[in-house]
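Chemist: This is what each chain is made of:
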Amino acid sequence: MAAELRIGRILGDRRTGGGERMLALVLCLYVAVVTIWPLGQLLLTAFRPGPEGELLGTLRDTLAARATGRAFWNTLSLSLISVAISTGLGVALALAVGLLKMPLRATLSFLILMPLVIPSQTLALSWIELMGAQSPILRPLGLAPSPGAGNPMYSRAGIALVMGIEHMPLVFIAVRAALRGLPADLVEAARIAAIPPRRILARVILPLTYPSALAGALLAFTAAVGNFGIPALLGIPGRVPMLTTLIYQRLNGFGPSVAGQVAVLALILTLMAVAALLLRSAAMRRLRVPVETGRPFHPTRPAPLWAQGLIWAVVLMIAILPLAALVMTSFVPAIGVPFSLDIASFEQYRRVLANAAVVRGFQNSLVLSALAAAICLIVALPLAYLATRRPSPAMAALDLAAEAPWVVPGTVVALAMILAFLPPLPLIGMSLYGTGAIILIAYLARFLPLVLRPVAAAAAAGDPAQDEAARIAGIGLFRRLARIFAPSVAPAALAGAVLILMTAMNELTLSALLWSSGRETIGVMVFSLQYEGNSTAAAAVSVLSTLLLIGLCALAEALLGRRAAAALPWRA
Amino acid sequence: MTQIRALGLGKSFGGNPVLSGIDLTLPGGAFLALLGPSGCGKTTLLRLIAGFELADTGTLHLGGRAVAGPGLHVPPEQRGLGMVFQSYALWPNMTVAGNVEFALQTRLPASARRARTAEMLQAVGLAHLADRRPHELSGGQRQRVALARALAPSPQLLLLDEPLANLDAHLRHRMLAEFRRLHAATGTTFILVTHDQDEAMAVASHIAVMDGGRIAQMGSPETLYRRPATPMVARFIGHGATLPVEVLAHQSDRCRIRLGHAQLELPGSAAPGPGWLCLHREDLRLAHGAGHLRAEILSRSFQNGAWLTHVLPRDAGLDVLSLCLPEPLAPGAEIGIDIAQGWIIGGNAAAPARLPEAAHA
Chain A
1 MAAELRIGRI
11 LGDRRTGGGE
21 RMLALVLCLY
31 VAVVTIWPLG
41 QLLLTAFRPG
51 PEGELLGTLR
61 DTLAARATGR
71 AFWNTLSLSL
81 ISVAISTGLG
91 VALALAVGLL
101 KMPLRATLSF
111 LILMPLVIPS
121 QTLALSWIEL
131 MGAQSPILRP
141 LGLAPSPGAG
151 NPMYSRAGIA
161 LVMGIEHMPL
171 VFIAVRAALR
181 GLPADLVEAA
191 RIAAIPPRRI
201 LARVILPLTY
211 PSALAGALLA
221 FTAAVGNFGI
231 PALLGIPGRV
241 PMLTTLIYQR
251 LNGFGPSVAG
261 QVAVLALILT
271 LMAVAALLLR
281 SAAMRRLRVP
291 VETGRPFHPT
301 RPAPLWAQGL
311 IWAVVLMIAI
321 LPLAALVMTS
331 FVPAIGVPFS
341 LDIASFEQYR
351 RVLANAAVVR
361 GFQNSLVLSA
371 LAAAICLIVA
381 LPLAYLATRR
391 PSPAMAALDL
401 AAEAPWVVPG
411 TVVALAMILA
421 FLPPLPLIGM
431 SLYGTGAIIL
441 IAYLARFLPL
451 VLRPVAAAAA
461 AGDPAQDEAA
471 RIAGIGLFRR
481 LARIFAPSVA
491 PAALAGAVLI
501 LMTAMNELTL
511 SALLWSSGRE
521 TIGVMVFSLQ
531 YEGNSTAAAA
541 VSVLSTLLLI
551 GLCALAEALL
561 GRRAAAALPW
571 RA
Chain B
573 MTQIRALGLG
583 KSFGGNPVLS
593 GIDLTLPGGA
603 FLALLGPSGC
613 GKTTLLRLIA
623 GFELADTGTL
633 HLGGRAVAGP
643 GLHVPPEQRG
653 LGMVFQSYAL
663 WPNMTVAGNV
673 EFALQTRLPA
683 SARRARTAEM
693 LQAVGLAHLA
703 DRRPHELSGG
713 QRQRVALARA
723 LAPSPQLLLL
733 DEPLANLDAH
743 LRHRMLAEFR
753 RLHAATGTTF
763 ILVTHDQDEA
773 MAVASHIAVM
783 DGGRIAQMGS
793 PETLYRRPAT
803 PMVARFIGHG
813 ATLPVEVLAH
823 QSDRCRIRLG
833 HAQLELPGSA
843 APGPGWLCLH
853 REDLRLAHGA
863 GHLRAEILSR
873 SFQNGAWLTH
883 VLPRDAGLDV
893 LSLCLPEPLA
903 PGAEIGIDIA
913 QGWIIGGNAA
923 APARLPEAAH
933 A
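These protein sequence lines map, in sequence, to chains A and B. Residues in the first sequence are numbered consecutively from 1, following my numbering. Residues in the second sequence are numbered consecutively from 573, following my numbering.
It is possible that part of the hints are untrue.
If the Cβ cut is set under 7 Å, some of the chain B residues that face chain A in the computed set are [stated by the list, open to error]: (1) 584; (2) 585; (3) 649; (4) 661; (5) 677; (6) 797; (7) 823.
The set of hints was computed from the structure by calculation and includes no laboratory data. No residue lacks a Cβ here, since even glycine has one placed at the ideal position from N, Cα and C.
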């Protein structure tokens, strides 16, 4: 009796109704299957005994291997260099846009955020096309490397540079937000005291942005450690192994027999990413300076012309030129032919659209990401409802577990899915590996937080009395969820679902390990075409997917209306 | 020496006039309160004096030096002022001592800065908190830091922008006493922006009542109380009330007026015609006979040892009058009221053309 009572408590206290307990139980099962079991399998595999039964044998063998050490140092050092680039660029651009008065500031912000929306494989491909011997932009200027010299992007420096640019918006957003919260009074108080502008910048404004810059930098580090698209496109041809690409190459080359080894590599990746995130939350707690809210600071100093020119040059370099090179390459009818207006044609587009695998890739990506967005939305609503309105130990644990697949690198999630779903499922005796289902489950696990976070935040900020009033009126749980709770968090939920749709359409990290013939995704197609050396076709597919993405963005804005659209990520 | 001289200052935001025709002369060492309801332009005027806003029209001299005028704008950095902000605007990344010292950066060498900082923190009683961060202090302590910071460079003029708005009533009284003490000790000219007439009366040597972007009246607290220039000033200062009257005759600072059926003679300078009778509580007495006014008792409450009684006069306008009585009288009862004192202003002085409410208070 007493034990029964205590187990009951886990799902909620005595006020929690029977229907709510059932719902909580169903959600627990869902998260257990989709998240806890796969990640658990990964841990068990990493800590498996060696071939002769030595304690933690796999772990010790893998840690001692030279390849592990090389990949670890490459990952660590290139991530750190990329973070330095992200931070330098992000802070400088945020200060320029936030503190100087100049025309077209909104356009500038949008262009600076572009690398965040462009998938990393597309960004890597753009830089390959921009810097290569056939570069449609550098070649006419006589700046392209000679055809024999190889592409300078296939190198450690290339990886660090492109990762630095890809994650720069994370720092930019953080510092820009800190500057937006800067009260004008603080600057005016310094001006009254006759402090010169340079010193106001150094002593009053900059110190308030340090914690945000650090937080953004650590987020960029986590992203860099887990990045797959850039090391895959630049590091594999350049023979610069990183942890993510080493896992991919090992699994591709040797199959499930190396599961133990790659699980240990995944564990190292996870520890690096989680360490940075823990450091970030500790830093936020320790360094955060409480700033009074007040009239926000608006720049009054017009930017000097040289500064405006410099900013536009940087934005041109990081956001416009690489994409221009990509688009121009996609108009080249055959590989190896230099770009010129005379030969530009839609030949590549005709060819890729006639390619059955490419068409399947687009279909699969659309269907899988739409399904993932819909299912995550359906799961996130009751989960956020129970977590905020009927808190219990079980719901708190569930909330935490649901977050895990987004915190760890995508390669780790994909590996966990293979370990969990490669063996035939009990009861039906069939393996999910080689079907679209395994990709879908990976999407469900990884992208749930993208809709759960905003919905939970909206629920926490909402008024619980609405739900209580409906209970007083005798309305049942499911009707309350559908008619009271869902509408109250609808903008956040829809924005989250759109974010899932866009992220899943773009992703390569999960499907690179989970795809099989007939189950290609867009990301996989770009990667395979480029890997086969068909870079013009890869460029065409990238351009098509970017256009599809922009179309979806526009559609989302139009469908969601003004209020919900404000929650969309590119409005940040 | 004259500290401030403003002539015809005007300012509008996006076509909305917020200040117009501001004339102001203030001697050095004065304590001026800019008083008015929210949206009257008082903070905008303060920010014009500080140099954070550009005047559209008019000229401004500080301490004999032209700082604003046609084609002239001296930036805040070069005006040599001190300012206490409503939010205090303490730099959150610096300690208490750091805040004061940083404000002295361009004015004193390093060793002198430290000495002056210690002296100022001593003066506001915060020497023991010198190493704290602003967010570790209470509201009153932050206020003192802001004062110490603003006064440390010994400015000729200190601007205070609603500095007491974020404090509770008890602290407000202590800070007012602190303002008086520091004003006397430093000899600095103070300008305080406030919407609270009690605050203004408690500290100021001069009060400028602002209304709709203009200065309705400027003078000593006593002048504003005894001889208000407009009905708005009369109602705003000292819980005043106004009754419409007819001025019958005017002779050497006294007016003969008709109020309802009664005629009486009171001080004032209004020409014959419509006018206003300005009254305070202590001007009213309970009449033993018919009195000058008949009024119905609305409500009463016991305050400061007497019964504060609110009454509605019969046939004499709609303003509720208040008077203190030794005994409680039942609501609904009719009483007679004698008017012992008062002040008459002409009807033409009634409400100056109001400017649209501005977003900037």
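Chemist: Next, verify each hint and record whether it holds.
Modeler: How the hints compare with the structure:
Taking 7 Å as the C-beta contact cut-off toward chain A, the hint placing residue 584(B) at the interface is violated, the least distance being around 18 Å. Nearest Cβ of chain A to the Cβ of residue 585(B): about 13 Å, over the 7 Å cut. The hint is violated. The closest approach between the C-beta of residue 649(B) and any C-beta of chain A is roughly 4 Å, which is under the 7 Å cut-off, so the hint is satisfied. Hint on residue 661(B) holds. Least Cβ distance to chain A is approximately 3 Å, under the 7 Å limit.
Annotation: residue 677(B) was flagged as interfacial toward chain A, and the flag holds, the nearest CB pair being 6 Å apart, inside 7 Å. Residue-level restraint check for residue 797(B) is violated (minimum Cβ-Cβ distance to chain A is 33 Å; threshold 7 Å). Given hint, residue 823(B) at the interface with chain A, is violated; its Cβ is 52 Å from that chain's nearest Cβ, farther than 7 Å.
Hint compliance for this structure: hints 1, 2, 6, 7 are broken, all remaining hints hold.
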